[in-house]
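With chain A fixed as given, assemble chain B onto it according to the hints.
The primary structure of each chain is shown beneath.
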Amino acid sequence: MPPRANHLGLARNKYKGRPSTLCPGCGHDSISNQIISMAWELGLEQHKIIKMSGIGCSSKTPAYFLGGSHGFNALHGRMPSVATGALLANKELACIAVSGDGDTGSIGMGQFKHVIRRNVPFVYIIENNGVYGLTKGQFSATADEGQFLKYYGTNHMPPIDLALEAVIAGCTFVARSFSGDAKQVQALLQAAVRHPGTSVLDIISPCVTFNNAESSTKSYPYGKDHEIPLHEIQILAPDYVDAKEEITIDDYEEGDIIDVEMHDGSFIRLKKLDNDHDPRNRRMAMEVLERSMREQIFSTGLLYYEEPRPTLADTEELVDKPLAMLEDRDLRPPKQALDSVMRSLMAS
Amino acid sequence: MAINAQTQPKLDTREPVINDFAFSVATKNGSGSQTSNNVLVMSLFRMGIPVNGKNLFPSNIKGLPTWYTIRASKDGYTARKAMTEIVVAYNNSTATEDVANLPPGGVCITTDKIAKVIRQREDISYYEMPVAKLMRQTKVPSAFRKLVENMTYVGAVAQLFDIPLDLVYEVLLANFKGREKPALMNHEVVKLAYDWTADNILKTDPYRFERMDGTQGKIIMTGNDAGALGAVFGGVNVVAWYPITPSTSFVDGIIGFRGLRQNEDKENTIAIVQAEDELAAAGIVVGAGWAGGRSLTSTSGPGISLMAEFAGLAYFAEIPAVFWNITRMGPSTGLPTRTSQGDLLFTHFLGHGDSRQICLLPGNLKEAFEFGWKSFDISEELQTPVFVVSDLDLGMNNWLSEPFDYPDQPIARGKVLDANALNDFIDQHGKWGRYMDVDGDGIAYRTLPGTDHRFAGYFTRGTGHDEFAVYSERSDDWVENMTRLRLKMDTARDMLPQPIIDDASDADIGIITFGTNEEAIREARDWLANDGIKTNYLRVLALPLASSVSEFIDAHKSVFVIENNFDGQLTQLIRLEHPENISHVRPLTLGDGLPMTPDWIYDSLKEQEG
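Heads up: the protein sequence lines correspond to chains A and B, in order. When you number the first sequence by the working numbering, it's gap-free, plus one each residue, and the end is 348. When you number the second sequence by the working numbering, it's gap-free, plus one each residue, and the end is 610.
Chain A with its partners taken away, still in its complex shape:
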């Protein structure tokens, strides 16, 4: 039987990249897999996507998915600026960016905050494992206070919560997930690529080599036992929208469902679980995140959503055509224009 094809007629394996060189079992590979599935499911055209990353284990992963897309493994902590430049040069490109907790939470904190502030429209995935892998196991800035690691002893600093930082910076789409929760990662990715603004996905993605002890909140065993999804998430694509009302609500009461309408007409349907979190409420999002940090609760799901602000290309008031595709006549004013500037600078 031929493999199942998406609406472009492509099999899923056409969305793969090169084989991963990460440690077997690495959480990052599961996320790459979900990116492949998402792009295949949605039938995205790979040539319209760019893959951006910084430096670190996480940042190697764009080589392992969407082999048909252009990718750029940039500098440590500087992916946001490179993505900003690329998306200014060609605003028609979609961008999936991968960073890590060191890449974002330490060396790249400034660029992380500022790319959000500018609202560059892209999916910013943080593959968060609390540890530096390529340099053999130092604590990152998201490591838990009091945690013990073999080589570096006890961490005495409080962690930085990158989802909270994103909300504070003005991000209009903030989610947290767990690489072991494939279904949720998939749903959040599908929502994030539709969002015309910076979407931050802070995904806890265990490092099987340096930080997978049961005591670590960034480990598989911990994640599997402690993850508490805020909602069950379902994405209703625009073509489903008319049928939205008819979609059966199953066992849920009215009021137990939050339908977040997205910019492209699709909906994120959130089925409430054991809490009252409404991601459209910024204060609630910050409270959930602060309580999660204080009480070490592993809350996952869509934390915050708001109608996107104008993107950077909007505030720059750019012409419709991508700048990279401007014709020579758009790039060079005529001779008369230079002559007129010259005349204005002459003595008489």
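The reader is advised that the hints may include incorrect statements.
Unchecked claim - Mimicking EDC-like on lysine to aspartate or glutamate, the simulated pairs with C-alpha atoms at most 16 Å apart in a straight line are:
(1) B/Lys181 - B/Asp195
(2) A/Lys321 - B/Asp265
(3) A/Lys48 - B/Asp452
(4) B/Lys81 - B/Asp599
(5) B/Lys266 - A/Glu317
(6) B/Lys266 - A/Asp330
(7) B/Lys266 - A/Asp320
(8) A/Lys113 - B/Glu276
(9) A/Lys321 - B/Glu267
(10) B/Lys74 - B/Asp526
(11) B/Lys534 - B/Asp508
(12) A/Lys113 - B/Asp277
(13) B/Lys366 - A/Asp339
(14) B/Lys218 - B/Asp75
(15) A/Lys321 - B/Glu264
(16) B/Lys431 - B/Glu467
(17) A/Lys335 - B/Asp408
(18) B/Lys218 - A/Asp320
(19) B/Lys139 - B/Glu188
(20) B/Lys534 - B/Asp506
Hints listed in this document are in silico derivations from the structure and should not be mistaken for laboratory results.
Quick look at chain B alone, frame taken from chain A:
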């Protein structure tokens, strides 16, 4: 009240000096003297007198001493002179020194208050104005009085040296973009001082301006504006920057000229992002260049330091982007508002590992404009960053120039394959790899993101890669790649602007320089020629060095490399690239924070030649 009580030099025997002298205006920073000085420069320009203005200013918003030198030269010399014949001493804290610096027969224009403490010389003319009293007579609202007070010296200068009052008004009006109210307010003060000077001061000096036709058809502009205008005509479309003296006005220039590139709906073809730091600015231009934009950043030494890692990445990943380094005096914060040529080696070798960055070295306004557009073509054709190394003197000061020539070459985007061209390439070569050199010039073919072809995508990285852009730590891949990059730089030597050479004479002495020293050297060479010392001349316009540099060195018995830095950086580079037979090459280096003077060059060269 006026000067009658003072001893004055006898001047009747002196010949009038017309259109050939210099002013130094000493004021306090932030006192509004920039407008006054600009009005003087532009008035002389409109009188047809070749003129330049150099701002020697402190790193300060308000209060510290600042000097502005204005030189009029009927012969068209525009270098800064070591000594000015006239000083406007409006800053009590420097007045004593300012007066001491005047040559015998010089002129001091000052206020009655300052005059009390600086009447120490008997061989110069003192012209004192009761500025406070005059200002009380104006109708200028008290809130503005301090700001327009400096117009009193404009009035005195106009009266003493014959600048027509109506011309001053014309210039004021232009300065305020046609707004009459501020122009009239300033002009009232100018006229008051003009009339007072006529009634009260006895002119005892020989200096005078006269209309001539030395500026007909010429322009006055700063190098930053010229470079910015060049970039706009070169098709810049993504600009990212972080404010830093003396490069800030470069981006202000692009913002000013951006309208030339807007469509009929006033939509922009140039995105301009003020980044959070120079790291981000560099990242944005590298990202844009990678995606097919024509991107530019502008900074100075400290910013260049922060851009070093991106410069290395762009060099190795072969990404076009244009970086302007408007050099100021380092190391570290150094002298942030003083000029220097001290970043040459740093910029050329920017990046860790083995990298040699292309540098363009403009020396005047026309080159600032030309390199403004050409840098994008060079960068895209060579698929590498291009650094335009200018300096504060060119960037921020007013220079006189012939009008700029419209670009004489079409926009060049280099070896970019669209989907069809990629098909053709694969038909011809069997396969395509991002770093495959099929032409033997070290330059491979690239595809841009968005290219609708299943083989167009590739993964750009700063780590080792093979010719298909695939991660590789193999030694042979590494060496092959670095060898190709070296070949590409050799290809560049012939593509880059070639040196300006004046070797018409059979002189034994050759002078090599780069950048803004040219005007001072030109004048010094004329003085030397008057003494019977012939010199030939070569000005380097780009790095890596052209082969003609080595030929020039071989053709002269004695070669002086004149540079405005301490260590003789161009000399070091010449020694590195042409190690054979160069014991006769000597650096003449200054690096004192100021634009070079012909006096220093003349003296140093004579001393060295013994």
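Cross-check of the supplied hints:
no.	hint	verdict
1	B/Lys181 - B/Asp195	violated (21 Å)
2	A/Lys321 - B/Asp265	holds (13 Å)
3	A/Lys48 - B/Asp452	holds (8 Å)
4	B/Lys81 - B/Asp599	holds (7 Å)
5	B/Lys266 - A/Glu317	holds (8 Å)
6	B/Lys266 - A/Asp330	holds (13 Å)
7	B/Lys266 - A/Asp320	holds (12 Å)
8	A/Lys113 - B/Glu276	holds (10 Å)
9	A/Lys321 - B/Glu267	holds (11 Å)
10	B/Lys74 - B/Asp526	holds (15 Å)
11	B/Lys534 - B/Asp508	holds (8 Å)
12	A/Lys113 - B/Asp277	holds (13 Å)
13	B/Lys366 - A/Asp339	holds (14 Å)
14	B/Lys218 - B/Asp75	holds (15 Å)
15	A/Lys321 - B/Glu264	holds (14 Å)
16	B/Lys431 - B/Glu467	holds (11 Å)
17	A/Lys335 - B/Asp408	holds (11 Å)
18	B/Lys218 - A/Asp320	violated (38 Å)
19	B/Lys139 - B/Glu188	holds (8 Å)
20	B/Lys534 - B/Asp506	holds (8 Å)
In this structure, the hints that do not hold are numbers 1 and 18, in rising order.
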